[in-house]
Every structure is written in structure tokens, then in C-alpha cells.
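Trainee: Each chain, written out:
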Amino acid sequence: MTTIDTGPSNNHRGSDEWSSSWTHFSVDRRSPSYCKVVFDHPPINTITARTVAELAELVGLIEQDPDLNVIVFDSANPDFYLAHYDVENDPAKTVALGTGPTGMHAWLDLLVRLSRAPVVSIASIRGRARGAGSEFVLACDLRFASRENTVVGQFEVGTGVVPGGGPMARLSRLVGRGRALEILLVADDLDGPRAEQYGYVNRLVADDLLDGEVEEIASRLARFDHDAIARTKSYVDQVTLPPDSEFPPALADFFAMLRRPEQHAQGARLRELGLNVDSDLERHLGARVVDTLPDA
Amino acid sequence: MTTIDTGPSNNHRGSDEWSSSWTHFSVDRRSPSYCKVVFDHPPINTITARTVAELAELVGLIEQDPDLNVIVFDSANPDFYLAHYDVENDPAKTVALGTGPTGMHAWLDLLVRLSRAPVVSIASIRGRARGAGSEFVLACDLRFASRENTVVGQFEVGTGVVPGGGPMARLSRLVGRGRALEILLVADDLDGPRAEQYGYVNRLVADDLLDGEVEEIASRLARFDHDAIARTKSYVDQVTLPPDSEFPPALADFFAMLRRPEQHAQGARLRELGLNVDSDLERHLGARVVDTLPDA
Amino acid sequence: MTTIDTGPSNNHRGSDEWSSSWTHFSVDRRSPSYCKVVFDHPPINTITARTVAELAELVGLIEQDPDLNVIVFDSANPDFYLAHYDVENDPAKTVALGTGPTGMHAWLDLLVRLSRAPVVSIASIRGRARGAGSEFVLACDLRFASRENTVVGQFEVGTGVVPGGGPMARLSRLVGRGRALEILLVADDLDGPRAEQYGYVNRLVADDLLDGEVEEIASRLARFDHDAIARTKSYVDQVTLPPDSEFPPALADFFAMLRRPEQHAQGARLRELGLNVDSDLERHLGARVVDTLPDA
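Residue numbers (the numbering used here), protein chains in the order written: chain X, 922 to 1217; chain B, 922 to 1217; chain S, 922 to 1217.
Next up, chain X with everything else stripped away, as it sits in the complex (with noise of 0.2 angstroms):
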């Protein structure tokens, strides 16, 4: 039961603190039960250092809000959900962002918690979500996706690295072994249907429509009481979230990994070919990725 002027909603942190100082993203507090984000973070959404700091300090409010049911992520760009990372030349910078409350680097412990917190995360995709994105995706409790317009996929074992954010546990379980394999060692783009068909999004909706779905369900969700669906989360996380254990090794396989000359020439050619803007490279990077192999 969601009570705006009594009780516990007393306790929720002023809407300045929800509003305040965000770059990558916008906040819309629609609701004492309903947030509402919208990635901004042009030309391409990627995520870099900063993103990571900003979505962990969102987190912490998603934590520590009695009051909230349901928020929902969105994108201000039709055609970039959430690219992938980008290290901004400066690899540095994301080994900086140091650990979080959970013991694991900042981008799998914002991951985990976003996953463990006691409200309904939504993925409302509209565009590409590679890499990270995917991850981001991933780690969020519902993905409906436009039927039109979507495209996720982990590229990374195309630029010989491990996908370091979560992507093994997490669509092992999701979409059963032969299918997680398909989708990261071939490391390809799925469109929509496919990944509707695979499960790695829950459903489509026609382009046009999704907008208005996703609203009515968020609202929906907004007015059932806040520790049904925390409660009922809970029984579900207990079966279902990967052990904390299993994440941080693939990630430190990553870093090693991202190390290696070999791993620096081809970085160097994918921006070359336009990595991080909105290229031709960006919206066909699934098919393009082995134009920047050693031996292309």
C-alpha cells in the first residue's frame, strides 16, 4: 500500500537529493512509488567512469527509498540505448572508481545491488545496447524492447576480451546454455526477435506502443503494496541471482585481458573506424567488429 503523507514516506530523502547533479542521465521522481530515468548522455550513450559513479549513487537512493516500487530506465536517443563502455582513452580512470558497499568493483556492485533492491527495475529498450549495456539490461529486473527498433549482443569476445560485467551468470540462466554460448562467442548482434525468441528480453512491443506499455505497467506496479513485490522479489532473487562470487573474476579477466598489445592495436582500429560516435561502425558493430581483427 503506497501512502504519500504518512508513515514511512516520511523518511524518504527529498527529492533534491534525487534530482540534484546528474550529467549522464535524468531523474523524474513521477511518484513517492514511481522514478522514471532517461539516459542522456550524447552522441551515443556510452558509459564511462562517470556514468558508473553517477548510476551507483542513484542506486544507493533506489536502496534506501521505503516508498519506492518501480523505475524505470529509458533512453533519451531512439537509436543508442546504451552503446557499450568506453574508457575514454584512459583505463585508469575505471579502475579508480575503486569498490562499493558489496566488496566487488563499482560497476558489478551497482549491478548486483540494482538487482537485489526491493523494487522493480524496468529496461525500457529502444536502440542498441551492446557490452555493457547488455549488462546493464541484464542485471535489471524486466526488458521489454521495441519490436522495430532494438539491438543487444555482447561484442566483446570479437575484440578478444572477456565480457567482464556479469554476462556468463546471467544469461546461463536466463537463456540456457546453448544460447548464452551463441551470444557470446559468436558476439553478434541479435535484433529483437531473436532476442525475444532467446529470452534475453521478456517480450516486444510494437515501436509506437512501447512507451505507453511500459507506463501503464509501471503504474500498475506503482500502486500494489511495497512489500508484496519486495517480498515476492526476494523468493525469486533467492533462485535465481548468480552467487556474488562468480562475478569478479570474469571482470579481472577483462582488465588483464584489455591489457595486451594485441588488445590495444585492435582498440586503436575500432576508433579508428569511428568507436564511440555515431558511425557506421557503431550501428553495424556486431557485423563490423571483424573488420578490426589483426588479420582483416
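Mixed in with the good hints there might be a few duds.
No copy labels: a pair is met if it fits in one copy or bridges any two.
What the hints assert, rightly or not - In silico SDA-like pairs for lysine to any residue, Cα to Cα no more than 25 angstroms straight-line:
#: 1; residue 1: Lys-957; residue 2: Arg-1144
#: 2; residue 1: Lys-957; residue 2: Arg-1181
#: 3; residue 1: Lys-957; residue 2: Gln-1118
#: 4; residue 1: Lys-1014; residue 2: Pro-1114
#: 5; residue 1: Lys-957; residue 2: Glu-984
#: 6; residue 1: Lys-1014; residue 2: Leu-1125
#: 7; residue 1: Lys-1014; residue 2: Gly-1024
#: 8; residue 1: Lys-1014; residue 2: Glu-1183
#: 9; residue 1: Lys-957; residue 2: Trp-939
#: 10; residue 1: Lys-957; residue 2: Glu-1193
#: 11; residue 1: Lys-957; residue 2: Asp-1216
#: 12; residue 1: Lys-957; residue 2: Pro-1215
#: 13; residue 1: Lys-957; residue 2: Ala-1189
It is worth saying that the hints were derived from the structure and are not from the lab.
Quick caveat: nothing in here was measured; it's all calculated off a predicted structure.
Once you've looked at the hints, dock chains B and S against the given chain X.
Mentor: Same frame as chain X, now just chains B and S:
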């Protein structure tokens, strides 16, 4: 190999025990190896303390019958397979059912024992199976459903309680985290095509072909070797059945949350609007549950 | 990174070892990183003790080759990918295969080692893959199948035995309890669309495009960094592979049940009706297995 007049078949209980005294369903022992049960508890096949007691007795017969290969559960009401649980204005009746041989409450006990029985249980779904009705079909081994006329769902969170009969344990393993969370938290109805897409049911069959297809499958199973069925199922059980310890905490939560004043009030509104009878509310419960929320 | 003429590639076994002496399949080492195997054991690609011995040798070569990224398994017979196991009227031959390096029977051993090998194994399925043929494709990492011309299934329960090569362990995790129980207990054929819907195969490809699509995927994988593939697969293995201890008990059951007089009799009827040759029985084994039941 099933044999009609020799060996262990002489040990199965008399047909008297199988045919006597059922009031919420009928039992047709087609042959020593094949039994068909038809739910028939007007007006909408709710599950009450009496249904639970009768199903518990039936499961006891199933467990002890060395000849039975397959049991089909069908419904006499094409619009309501098993509506949901009805506490009959007296939750004490349900509590008074006590525990079964597993040490768990009678409802959990009979579902767990049905899942483990050395027999193939088939839910032939036509009409609505929500709440405890959905919990029953999830405890069956195979679920075939009418393409045009199926509604399944767990609406409990919409009434402020945790689903108590095991769907967090079973759906999490059957359809994966994302879709399980959607079914349980959004708590809306799923039609046949979505239920099939999510893996909630094995598959759909055109409504006019459903009875024939289930009959064909059951007749085939009835002719197979009992031991081959029992052992093969047992190997699948070892991998797929939740540990018993997962079930009781959620049922305890369900009873505790049901006693809250808000849930008493919402229960009264549900009954005013037509709960437990063939009403517009019951036909569209997933959508209409929001009409009974405190801020409605 | 695959390199043709330097470093660890000098350690891979000579092409002599890869190309010599195979009788039930051919091996084409397309490049240091890509190998293609074509099953060719007329008339219907049954798996015999000899097939097992040759596959075990092949898996040994795969495991020890530091350059190999991908191995494709195709069939020379468009109607039969791998029919099923053929005990050749002499089960002793199969028992005499002994155990492999894992300590398990040679058949289980080679499937388990193929699943764990640091290489992507792809089943390119056209025609029938039943029984042990299905067990083989389930042990491969990726399964692509002809849309028009695929039949998969585990018919063993229809012949009175438990499937012995691991499908309870693998299907339970791949397609979930309900669909795994249907495949294993109803024991009927699945066509391509149902196999894809259930997640038994990754996905279908139109028959005339299948070879090209698998070739494209394999060529892509052949160019990727070996270590990125091997480590990423290993993380998925940790979550998705059954523990070794799950396999031997079912194979022991299979051998024990096969020795029963009823199974001897049914085996004789199967051979009379055309088992192990290109017959109507073999083309429609899922449906026709009931014609061999004792009460048929």
C-alpha cells in the same frame, strides 16, 4: 510394460477407492495405467479446503498404485479450469487442514508429492487458472493449453500478498528470472500465446483439438513401461524440483500478510465486485484487480 | 588471435593425425583454427562402438590442439544426421569400450570432454538425430538446424529403457522441467519448429541457407582470439554443465533395463520392422515405436 491381470497389478487399490466420494472432481479410471480427473466444482472451480483434502487423498492413491502411468486433469467448465483459492470467509478452515506426510501444509504437501509421484501428471488447460489454480498446473509434469481459451496468472501481489503455493520456486526455474518476475510482480493475466512463449505451458493446441491430442498422448504413455517412465522422471526431478525448504516460508508470509487490515479491506472489495462467482471481475481478474486497490 | 606459422601453433598435432583412418566420418582441417567433421556411416549414420572409439580419439585431438577455435559436425546424409545407437546384436562390444580419462564409460566420457573443450563445437543438424544422436547434439555447444528437415527426439522410454547418455541432465537445464519431461517421457519426435520453440536447438535456418550460415559463423569464430573464446566458454561451463556424477547412474540403468526379457523381445520386433536401415520405421520412429510395444 503394463499388464492387466497378473503380477503387481493385483496390488492396486480397488476401483471403489478411486471412484468413491469425490465432490469437487470426478475420477475416471480408464485403465490400470491411465486415470482421468475432471474438475467440477461450480460455479467457477475454486479451490477450497475441501478440494485440498480430496486432492490430497487422490495423490495418496496415485503414489501407491504400481500400475498407473499417467493421470490427466481436465475441467468440466470451459471458462474456469481452476479459478483460484477460496478461503470461504473462514481462513481457519484452511489452516486446520494441517500438514501432510512431508511435514508441510496440506496444499504444499500434495503439490510436492504430485510432482514427485512415479506417474506422468498432465494438466489439460482450458479457461482460467490463476493463483492456486496456476500453482496446481505448475506442479503437474506437462501443461497443454487451449490456444484460444487459456488464461493463467498469479494475481496475488495485486492483492497485497505473496503467492503462497510455490510459484516463485517453480516459475523461476521454468521460465527464467525476467519472465518469472514479470508474471509474479506485474501479476496480470497471460493469454495462451504469451504463456506458451514464456514456457509457462509446454505448448498450445487449437481448442477443438486439445482433448484429442491430450487423449492421444495419455494413451501412448499408458502403454509404456512403468519403470522406464518412473526412473526417467526421477532423474529429471533431481535436477529440476525445488528443495522442499523453499516452499514453507512463502506460505507463512501469505498467511501473515492476509491477516493485515489492508488485505481484509481489499478482500471485502473483491467479494463485493464478484469474487468466487462467474462475474466480470473473475473473467478479467488480472486487469480488474487494480479496481480493488485502496486508492482506487 | 590465430597465427598460422608461429608460436604455439607449432605444437599442434600433425595433419596426418587429423586426417588418417576415420571410417564413420571424414575430417577436414580447414585451417589451424577451424575443423569440419562430416558423419558418413551408411545407410543411416547409426552410432556403433566403432563410432564411439573414433569420436573419442577425435575429442583427444581437439583437447590438445592450442590453435583450434571451432569444430563443425555435419552429415553426409540429408535424412539422417545421427540415427541413434546400434548395439550391432552385441551389447558386449559397447560395454567393452571401457572408460575414458574422466573414469566414465567411453560414450559419456567423450560427450563430457567435448562439452568442456576450449573450442566451440557446432552441430549443423539436417535430418534425424534421435537417442544417442540427440545426446551428441546436446553435448555440442551450439545447435543450428534445418527449418524444413529436422527431427530430434529421445525415443528410449518408448522402448522400455532410460536414456543413458545424459539427456535428463542436459535437457532439464536447457529447456526446463515441463518440456524436458515431455521430450523424454512422451518420447515422440520433434520437428524443427517445435525443437526451436522448446530451445532444444538454438534456432532454425532455412534448409538451403543452413550450410552457408554455419560456415559464416564458423569462419567468424575461427578468426577470434582463442583465449577469449576459451575463457568465456569456461565461465558458462561453470554455471551450465551438469556435475559428472549425474551421468553414470542413468547409463547403468540403461544397460540393466536393456537386459530384461521384455526389451529383448521389443528389440527383435524393432529389427524386424526395419531398425538400423533406411526404412519407414526409421523415418517415423517416434510415431511407430508404439507398433513394437508388447500389447501392439
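Trainee: Each hint needs a verdict: does it hold in this structure or not?
Mentor: A quick look at each hint next to the structure:
no.	hint	result
1	Lys-957 - Arg-1144	within (15 angstroms within a copy, 42 angstroms between copies)
2	Lys-957 - Arg-1181	neither (40 angstroms within a copy, 30 angstroms between copies)
3	Lys-957 - Gln-1118	neither (27 angstroms within a copy, 28 angstroms between copies)
4	Lys-1014 - Pro-1114	neither (37 angstroms within a copy, 48 angstroms between copies)
5	Lys-957 - Glu-984	within (15 angstroms within a copy, 50 angstroms between copies)
6	Lys-1014 - Leu-1125	neither (36 angstroms within a copy, 44 angstroms between copies)
7	Lys-1014 - Gly-1024	within (18 angstroms within a copy, 49 angstroms between copies)
8	Lys-1014 - Glu-1183	within (21 angstroms within a copy, 50 angstroms between copies)
9	Lys-957 - Trp-939	within (11 angstroms within a copy, 57 angstroms between copies)
10	Lys-957 - Glu-1193	neither (36 angstroms within a copy, 35 angstroms between copies)
11	Lys-957 - Asp-1216	between (45 angstroms within a copy, 21 angstroms between copies)
12	Lys-957 - Pro-1215	between (43 angstroms within a copy, 24 angstroms between copies)
13	Lys-957 - Ala-1189	neither (36 angstroms within a copy, 33 angstroms between copies)
The earlier numbered hints that this structure contradicts are 2, 3, 4, 6, 10 and 13.
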